[in-house]
Amino acid sequence: RLKVQFYDLCGDLWNGVQCPFKAMLKELTNLPGTVWPFDEYATRQLHEFTPQGLALVLHASVRLGRGGAPLFEVLASQLQMCHKKLLSPGVALVCNSAMEAAPEVGLHPAIGLLRLMQKNCQRLAHTFSPWQIVYIIGAFADAAVVRRNVGCGPYIWQNHAEMQMFLKGICG
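Residues in the sequence shown are numbered from 2 upward in steps of one, following my numbering.
What the hints contain is simulated information worked out from the structure, not anything from laboratory work. Some hints could be false.
DEER-style ranges, computed between Cβ atoms [said to hold, decoys possible]:
#1 P155 to P71: 33 to 41 Å
#2 Q81 to W158: 41 to 49 Å
#3 L88 to C172: 26 to 34 Å
#4 L65 to L88: 34 to 42 Å
#5 E41 to G173: 40 to 48 Å
#6 Q46 to R149: 35 to 43 Å
#7 W132 to G54: 16 to 24 Å
#8 K86 to M164: 21 to 29 Å
#9 A61 to P131: 31 to 39 Å
#10 W158 to Q46: 16 to 24 Å
#11 R116 to N150: 13 to 21 Å
#12 G69 to L117: 31 to 39 Å
#13 R45 to M82: 26 to 34 Å
#14 Q159 to I134: 20 to 28 Å
From the three backbone atoms N, C-alpha and C, an ideal C-beta is built for every residue, glycine too.
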């Protein structure tokens, strides 16, 4: 998935332009950005990452479609040990990544990671920027919808009042 989107971004500029390198540039955009396996590198460096670094690696692996369930599980277990040290951007990225990874890793691990982040969301609620709130609320809303549609899997909240308290804390 990691492709240079140069040709697509500059598509309008290329229309009608005769360039001998145009075909070669188009071919280069189909090459992966690296030959080093992302998941192998991330796993080797796992203990070197700060909590924020773990959040960024998780987010990158999900967005790039690299590592799959094994890397997700390793990163989630590392985050479980240091999640209280995450700052607002890290919490937002982890929440977003958890639900974005759900089709690949399954509903249980994704919601499990969201549940882990729930207390961090409440702890850091006063520090979230608008984009972070959107990421967090979007992830929890997606989880609730998927959970309801699937009809099984772990609950995020024990009851409706707990959900309301969470949402008021984040948005209020």
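For each hint, the structure was consulted:
1. The beta-carbon spacing between P155 and P71, approximately 21 Å, falls outside the hinted interval of 33 to 41 Å.
2. Range check, Q81 to W158: Cβ separation about 20 Å, and the 41 to 49 Å hint is violated.
3. Restraint check, L88 to C172: a C-beta distance of roughly 19 Å breaks the suggested window 26 to 34 Å.
4. The given range of 34 to 42 Å is broken by L65 and L88, whose C-beta atoms sit roughly 23 Å from each other.
5. For the pair E41 and G173, the supplied restraint of 40 to 48 Å holds, since their beta-carbon distance comes to about 43 Å.
6. Restraint check, Q46 to R149: a C-beta distance of roughly 38 Å satisfies the suggested window 35 to 43 Å.
7. Distance hint for W132 and G54: a CB-CB separation of about 19 Å, consistent with the stated range 16 to 24 Å.
8. For K86 and M164, the Cβ-Cβ distance of about 26 Å falls inside the hinted range of 21 to 29 Å, so the restraint holds.
9. In this structure, A61 and P131 break the distance hint of 31 to 39 Å, their C-beta atoms being roughly 22 Å apart.
10. The beta-carbon spacing between W158 and Q46, approximately 35 Å, falls outside the hinted interval of 16 to 24 Å.
11. For the hinted restraint 13 to 21 Å between R116 and N150, the CB-CB distance of approximately 19 Å keeps it satisfied.
12. For the hinted restraint 31 to 39 Å between G69 and L117, the CB-CB distance of approximately 20 Å leaves it violated.
13. In this structure, R45 and M82 break the distance hint of 26 to 34 Å, their C-beta atoms being roughly 18 Å apart.
14. Between Q159 and I134 the CB atoms are about 23 Å apart, so this pair conforms to the stated range of 20 to 28 Å.
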